[in-house]
Amino acid sequence: MELYQGALDIPSIFNRWLKEENSSNYGAYIPFIGTIREENGIEALSFDIYEPVLKEWFDSWVAKAEKLGAKVKMAHAIGDVPVHTSSYISAVFSPKRRVALELIDEFVEDFKANAPIWKYDVINGKRVYAEDRSTPMSGSGLLA
Amino acid sequence: MELYQGALDIPSIFNRWLKEENSSNYGAYIPFIGTIREENGIEALSFDIYEPVLKEWFDSWVAKAEKLGAKVKMAHAIGDVPVHTSSYISAVFSPKRRVALELIDEFVEDFKANAPIWKYDVINGKRVYAEDRSTPMSGSGLLA
Amino acid sequence: MIKVEFLGPIGEESLELKAHTLSDVATQLQEIETIAPWLSKCAVAVNDQMTTDLSMRLKSGDRVSILPPVCGG
Amino acid sequence: MIKVEFLGPIGEESLELKAHTLSDVATQLQEIETIAPWLSKCAVAVNDQMTTDLSMRLKSGDRVSILPPVCGG
Numbered sequence: 001m002e003l004y005q006g007a008l009d010i011p012s013i014f015n016r017w018l019k020e021e022n023s024s025n026y027g028a029y030i031p032f033i034g035t036i037r038e039e040n041g042i043e044a045l046s047f048d049i050y051e052p053v054l055k056e057w058f059d060s061w062v063a064k065a066e067k068l069g070a071k072v073k074m075a076h077a078i079g080d081v082p083v084h085t086s087s088y089i090s091a092v093f094s095p096k097r098r099v100a101l102e103l104i105d106e107f108v109e110d111f112k113a114n115a116p117i118w119k120y121d122v123i124n125g126k127r128v129y130a131e132d133r134s135t136p137m138s139g140s141g142l143l144a
Numbered sequence: 001m002e003l004y005q006g007a008l009d010i011p012s013i014f015n016r017w018l019k020e021e022n023s024s025n026y027g028a029y030i031p032f033i034g035t036i037r038e039e040n041g042i043e044a045l046s047f048d049i050y051e052p053v054l055k056e057w058f059d060s061w062v063a064k065a066e067k068l069g070a071k072v073k074m075a076h077a078i079g080d081v082p083v084h085t086s087s088y089i090s091a092v093f094s095p096k097r098r099v100a101l102e103l104i105d106e107f108v109e110d111f112k113a114n115a116p117i118w119k120y121d122v123i124n125g126k127r128v129y130a131e132d133r134s135t136p137m138s139g140s141g142l143l144a
Numbered sequence: 001m002i003k004v005e006f007l008g009p010i011g012e013e014s015l016e017l018k019a020h021t022l023s024d025v026a027t028q029l030q031e032i033e034t035i036a037p038w039l040s041k042c043a044v045a046v047n048d049q050m051t052t053d054l055s056m057r058l059k060s061g062d063r064v065s066i067l068p069p070v071c072g073g
Numbered sequence: 001m002i003k004v005e006f007l008g009p010i011g012e013e014s015l016e017l018k019a020h021t022l023s024d025v026a027t028q029l030q031e032i033e034t035i036a037p038w039l040s041k042c043a044v045a046v047n048d049q050m051t052t053d054l055s056m057r058l059k060s061g062d063r064v065s066i067l068p069p070v071c072g073g
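Chains as they are written, first to last, in the numbering used here: chain A, 1 to 144; chain B, 1 to 144; chain C, 1 to 73; chain D, 1 to 73.
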């Protein structure tokens, strides 16, 4: 798991991951790259991350992937990420195509639902919590 | 659609595709990279391609993706591709994550089933048709 | 004392509370005007482990984190 | 004359046949010992368009391609 201040250098991360697993004999490598769309007049998105819980979440996925003979990797941006640059890349490596295709889908969906990351629109230099696009994590409402 | 003699230069194709769509305002970019696994004593896999029908097949997917506001790209190797190098990369670009995740799955599965590409094991320099791993295309048996 | 911290957009300072269980924490947070509206949509971690057990025993020095709705990617 | 070409691993030279429909092509290919075993698992394209219509009319100069089981990727 890798966290970076500001936009990710996607080619460099993609190439490094490719090299890291070059001799691992995986047949399928599926990255997912998330790029900031220009919409609603935003100049950037901005992210807060709570790293200790993110690491717990990610490590549980590493273990889950390992049971399937697969590997997951991810990198995310902290702070401001301008439109048309990337805030997120994750990837699955697997010997088998089906495992890889199913795992990247489950991983990205669970990431969206349960990774402790908060998103803000940046408009005129001001950060506005993207509440309408955010999802309560599993188990929310415990203290209500 | 891009065809290359021998193993693909994955970083260069990945980076070029990323740049090509840099201003297209897609939020999700999902490549699928296929790498030759070392198994059964092969030194390489080798591929024959019938380009005119492959192009028809690919163009129908371009049209299908366009209807979803998405884009597909692919590159494949012709001839020998040594173990631990890559023969295949395809990718989906889409504004939306769900569309991209579903499309890459469908695209790769249909590619496996219906792209006119024939695979051979290369063992001691000899090409052996990978018949046991091959799938009859849709509509097979018409002339039987 | 238990430390309660509010993550992401909640934007409140951490608190120190007396509490034997998460249930005790809930009771006290429900009385804070700026915090109460968040509680129905927030998840909870104790010492960075997510939990859904309201009866969980707490000991002095434990950290309770309140996690509002997320949107990574 | 219709040209019939055998793709990928079939490894047979192209043929020229007289045929008015794909059905005529089928009848003649079934009689060729090295080709017949392939036919149950092969798909067919006419002038590079895939087809599943055995009654398809052919005209002189048409190209029929025989596509054995595939495995790209």
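Treat the hints with care, as some may be off.
Unchecked claim - Pairs of lysine-lysine, BS3-like flavour, derived with a Cα cap of 27 Å: (1) A/K126 <-> C/K59; (2) A/K19 <-> B/K112; (3) A/K96 <-> A/K126; (4) A/K112 <-> A/K64; (5) D/K59 <-> B/K55; (6) B/K112 <-> B/K126; (7) B/K71 <-> B/K112; (8) C/K41 <-> A/K55; (9) C/K59 <-> C/K41; (10) B/K96 <-> A/K126; (11) D/K41 <-> D/K18; (12) A/K55 <-> A/K67; (13) B/K71 <-> A/K96; (14) A/K55 <-> C/K59.
Hints in this document: simulated from the structure, not taken from any laboratory.
As the structure is a prediction and not an experimental result, all values here were calculated from the model.
- Query: Any hints this thing doesn't respect? Which numbers, in order?
  - Reply: 1 and 3
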